[in-house]
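Note that the protein sequences, when read in sequence, are chains A and B. Counted from 1, the first sequence has number 131 at position 131 by our numbering; the numbering is strictly sequential. Just remember that our numbering sits 234 ahead of the position in the second sequence, which is counted from 1.
Keep in mind the hints are simulated off the structure, nothing from the lab.
Listed next, the in silico SDA-like pairs over lysine to any residue satisfying Cα-Cα at most 20 Å (straight line):
#	chain 1	residue 1	chain 2	residue 2
1	A	Lys127	B	Val316
2	A	Lys98	B	Asn318
3	B	Lys254	A	Gln107
4	B	Lys254	A	Gly155
5	A	Lys127	B	Arg251
6	B	Lys254	A	Val154
7	A	Lys127	B	Gly327
8	A	Lys208	A	Gly81
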Amino acid sequence: MAQLGVLKPPTRKLDYDKFSIVLEHVRKSYGASEVYSDLHFQLLRGTFVALMGPIGSGKTTMVNLFAGLERPTAGTIVVQGEDITKMDTDALAAFRAKTIGLVPQAQTLVPELTIYENLELPLYFAKVDADARRRRVDEVLDRVGIRGDSDRVVGSLSVGERQMASFARALVADPPILLLDEPTEALDPLMSDVVLGLLRGDNMTVGKTIFVTTHDKRVADLARRTLRVNKKIP
Amino acid sequence: MKMSRGNMFSGSSIVARSLKVTRATYGVVAIVNAAVAANAMVALGRIGLVGQAVLVSVVFVSVALTAMAVCTDIFNRSSQTVANLRSIGATTGILSYALMFSVLFYGLGGAALGAFAGVGLSAGFGAGLAALPLLIDVLAVVAASCAATAAGVYLGVRAPWRS
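Chain A with its partners taken away, still in its complex shape (with noise of 0.2 Å):
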């Protein structure tokens, strides 16, 4: 297992087209709190990399820092050949729905609609029209074994249920990046399995460019390479 820790800034200028997500002197604190200090990290595109770590360590920081969910203190994020650091709120949240599909470890469905609703909204963020948010939204529900839930509010879903569809919501735009924090800590055995299958080479994440922070083994076990933090942040 690679540590992060040791991860150095490159020796020449990199190739940006051949990385989904690169950092550069990355700095991200929160007040006396530093979380990175000069992080240098590069993805390349098509790959699967897990990053496993004690709670409180970081990792959804970077999950967050990756999806432009947060704005580093310091240096530069360029994600598929993009420096979304220079983005604005706007600009950022248009190329997070056409680039990231995200799992996020806080739930961010919305409670009031339906399954079926909540995997059509980042379609229309996309601006998809709608013959084809259907067909698509469909086939997401067939492929990850959530169609017979489609119509059920995600308010009365349980835990394990909600993360299906959450995960089914990062999938359903296609996006090239997916980005899943802890993705089958609330499921049971069964949908484990569902997710694992997905993330072992299916075609709905075949070529995709794949980062996960998980405790889970079999999940790292997937991954091309494993990174591992093992300080909690102070």
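Got chain A sorted already, so can you dock chain B onto it with the hints?
Only chain B this time, still in chain A's reference frame:
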């Protein structure tokens, strides 16, 4: 409320429902627009040109402030939802459009109903009803209400969602 799948307005309706815009919200907008328009129509037939201009301005300000207050309330109730929607790609423009479209639709309906109710009330109060001036008054009141609703929604959503 069950949404039909894939119709051309479903996307903005789903966004509006995500923001917890309910029938009650639409009802408030429609009723305020109708009440203001009806009163304005009755008064317009009884005052001169300057008075009419002032009255249309009052209509505009009243409706705009109502729409702005409604949208600010929606934002305050839904700030976490806005953040969640942004995380999956919602821009200020898309969110504003969804809110603008739905609120404006009910605002227009309320203003039109109120204007025609005002014409009926004027007739009931014995005012003379010449067709052309009456039509101009109705159009002026409905147009002022719609423009005011749009302005109010814009002011109500733009500043807080940008932050």
